[in-house]
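J.: Full structure from sequences and hints, please.
Just so you know, the protein sequences line up as chains U and P, in that order.
Taken in order, the first sequence gives residues 724 to 891; the numbers are from this note's numbering.
Taken in order, the second sequence gives residues 16 to 512; the numbers are from this note's numbering.
The set of hints was computed from the structure by calculation and includes no laboratory data.
Treat the hints with caution; some may be incorrect.
What the hints assert, rightly or not - Straight-line distance between alpha carbons at most 25 Å, and here's what the computed SDA-like set of lysine to any residue pairs gives:
hint, chain 1, residue 1, chain 2, residue 2
1, U, Lys881, U, Leu857
2, P, Lys444, U, Lys881
3, U, Lys803, P, Lys444
4, U, Lys798, U, Arg731
Computed from a predicted model, the values in this text were never measured in an experiment.
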Amino acid sequence: MSDETDDRPAASTRTLELVVAALLFVLGAIVIADSLRLGARWAEDGPQAGYFPFYIGLLICIPAMVVFVRALGDKARARKSFVGRKALRQVMWMLVPSIVYVVLIKLVGIYVASTLFIGFFMRRLGRYPWPATLAVAVGVSVVFFLLFEVWFKLPLPKGPLESWLRLD
Amino acid sequence: LAEIGSLIHGFGVALTPFNLMLMVVGVVLGVIIGVLPGLGGANGIAILLPLTFTMPPTSAIIMLSCIYWGALFGGAITSILFNIPGEPWSVATTFDGYPLAQKGRAGEALTAAFTSSFVGALVAVVVITFLSPIVASFALQFGPPELFSVYLLTFCAFVGMSKGHALKTIISMMVGFALAAVGLDTVTGSLRLTFGFTDLLKGFNFLIAVIGLFGIGEILLTLEEGLAFKGARAKLDLGVVLQTWRQLPRYWLTSLRASAVGCFMGIVPGGATPASFMSYGVAKRFSKDGDKFGSGQIEGIVAPETAAHAAGTSALLPMLTLGVPGSPTAAVLLGGLLIWGLQPGPLLFQEQKEFVWGLIASMYLGNIVGLIVVLTCVPLFAAILRIPFSIIAPVILVVCAIGAYTVHNNVFDVYLMLVFGVAGYVLRKLDYPLAPLVLALVLGDAAESAFRQAMLMSQGNPSILFANALVGGITTLALFLLVWPVLQAGLRRAKAA
Numbered sequence: 724m725s726d727e728t729d730d731r732p733a734a735s736t737r738t739l740e741l742v743v744a745a746l747l748f749v750l751g752a753i754v755i756a757d758s759l760r761l762g763a764r765w766a767e768d769g770p771q772a773g774y775f776p777f778y779i780g781l782l783i784c785i786p787a788m789v790v791f792v793r794a795l796g797d798k799a800r801a802r803k804s805f806v807g808r809k810a811l812r813q814v815m816w817m818l819v820p821s822i823v824y825v826v827l828i829k830l831v832g833i834y835v836a837s838t839l840f841i842g843f844f845m846r847r848l849g850r851y852p853w854p855a856t857l858a859v860a861v862g863v864s865v866v867f868f869l870l871f872e873v874w875f876k877l878p879l880p881k882g883p884l885e886s887w888l889r890l891d
Numbered sequence: 016l017a018e019i020g021s022l023i024h025g026f027g028v029a030l031t032p033f034n035l036m037l038m039v040v041g042v043v044l045g046v047i048i049g050v051l052p053g054l055g056g057a058n059g060i061a062i063l064l065p066l067t068f069t070m071p072p073t074s075a076i077i078m079l080s081c082i083y084w085g086a087l088f089g090g091a092i093t094s095i096l097f098n099i100p101g102e103p104w105s106v107a108t109t110f111d112g113y114p115l116a117q118k119g120r121a122g123e124a125l126t127a128a129f130t131s132s133f134v135g136a137l138v139a140v141v142v143i144t145f146l147s148p149i150v151a152s153f154a155l156q157f158g159p160p161e162l163f164s165v166y167l168l169t170f171c172a173f174v175g176m177s178k179g180h181a182l183k184t185i186i187s188m189m190v191g192f193a194l195a196a197v198g199l200d201t202v203t204g205s206l207r208l209t210f211g212f213t214d215l216l217k218g219f220n221f222l223i224a225v226i227g228l229f230g231i232g233e234i235l236l237t238l239e240e241g242l243a244f245k246g247a248r249a250k251l252d253l254g255v256v257l258q259t260w261r262q263l264p265r266y267w268l269t270s271l272r273a274s275a276v277g278c279f280m281g282i283v284p285g286g287a288t289p290a291s292f293m294s295y296g297v298a299k300r301f302s303k304d305g306d307k308f309g310s311g312q313i314e315g316i317v318a319p320e321t322a323a324h325a326a327g328t329s330a331l332l333p334m335l336t337l338g339v340p341g342s343p344t345a346a347v348l349l350g351g352l353l354i355w356g357l358q359p360g361p362l363l364f365q366e367q368k369e370f371v372w373g374l375i376a377s378m379y380l381g382n383i384v385g386l387i388v389v390l391t392c393v394p395l396f397a398a399i400l401r402i403p404f405s406i407i408a409p410v411i412l413v414v415c416a417i418g419a420y421t422v423h424n425n426v427f428d429v430y431l432m433l434v435f436g437v438a439g440y441v442l443r444k445l446d447y448p449l450a451p452l453v454l455a456l457v458l459g460d461a462a463e464s465a466f467r468q469a470m471l472m473s474q475g476n477p478s479i480l481f482a483n484a485l486v487g488g489i490t491t492l493a494l495f496l497l498v499w500p501v502l503q504a505g506l507r508r509a510k511a512a
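T.: Structure, rendered in structure tokens:
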């Protein structure tokens, strides 16, 4: 999609292809190494723990190598944009807050974190006025609280606010 | 015909007020999931699975399978009204559905899509009703080598049938197997690939992978493409429905062909998405209006929708009878069965008759409920799509996070979900297919244990996979499918030369 717009590429598809193939190769190598550590051969009592994963590792490494080598010579993919700068910025606006959100879950509980997360999005991307933002963000969390804690009796992570309100 | 008797008994199991309510809830949830970006059949069911742990298994599977039917129906709504396929299998529906909607004939297009979906599903359920007991009793004779060869067939079929890069399909599948191997090896008791991290002892749960890869990855992709919902108005009244129904019998041959393509692609793990494209292509070639396809032909909706729904439904046949799911969603349902303590496979048909026939009966009922719900509630579902993305995106992420947490009540899983999400985004953009990864992750342990037992039987000699006609036949077919792309390319080159 991003090829047709004037969105300048942040990275070419070939670069990403090479990086991912290399990472997959490393992953396969790790699997092989660990299988060898456990023993990938035939013992007295049957196959050792690494017998099956050893071949899995091989079947990751070899195709990854072929994909890597093919991508090296692929001029068309070198010109093709993997992601445009504008698009990448959009993705980051989602991804970075999401990372903060999952870290917050452990610290303040999932309900407070969700309220902050939804509120942040509505203010930042949607530019909603404060009252609407507060209503939706708090409302969604309250609905989830009733749904999970009261109806399904599935306790989700809670933080200082809930213990202060004696809700846990 | 013992099947009819069992089926009638199954209707008795499925037709309780509680189960009927669950069907309606499931279908409505499923359509919402199918309509929303970032939520689909597979990860929607993965998120809701933990909520069903306390229900009786039959009720739970009825609700979850109805979510699946709902998601299959829902994909068509976004395709036709917004030209945005809510699910990959409804891409082909946009070709003729959206042009029709632009001409102000959205009602007809939707009615045709829903009715065709229903017909496709019905044909597939009939196939399941009569074919699965046969497959199951046949599979009762399977030992570990046969079982492994069936797994081999499933995975080789994925490589051979995949439209994209065969090597990338293999890599994606093997990564799934590698992830499945992480954790405690139950046979030898040794720890594999954990590197001292206690969080990895239990291994990777496929539900987390599904929620991350399909859910989070999808949201990131949607964001990048920039969402602009410019939808056609949806009005569905009884007049339009009846008028369209009068036209539809004209396309009985198209429906029949589409159902056949769909059932075949669903049972052999090809999946709903290739089935819908294939069926669209076939219909285009055989129709006398073939050259008008793409400009808004009802027939161009009938073909892909019938096939997608037939494939999605018949994917449950190998899941129930052999324990080998034909699609990611079927894989998630299989995971659910395991969690409820039910081992899918031929024995299920003997030991859990009530469960199996209740489920099959619920497929008939669920699709009738689904047809009624989607025909009556289109404006409601279209309204959901008009909720601004800046609200719906964080809410979907919150839902995914809750879903990931409830699998094991572990916050670490939520971190993992995000990692899988980023991986899913990058891999999808590089054309690595994700379905084989999920299937391998679900089946990894079972496939490995079948392999080990087979190898134990033969003292490590792989020729056991050709020991008799049955296992040899399946293995040969598997290998043939595996090298099919190479053969095909060779043939084409030979023809060109």
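J.: Each hint should be assessed against the structure and marked as holding or not.
T.: Verification of the supplied hints:
1. U:Lys881 <-> U:Leu857: Within the cut-off at roughly 20 Å; holds.
2. P:Lys444 <-> U:Lys881: Given that 25 Å is the threshold and the Cα spacing comes to 36 Å, the pair is violated.
3. U:Lys803 <-> P:Lys444: The given pair, whose Cα atoms are some 12 Å apart, holds under the 25 Å limit.
4. U:Lys798 <-> U:Arg731: 18 Å, holds
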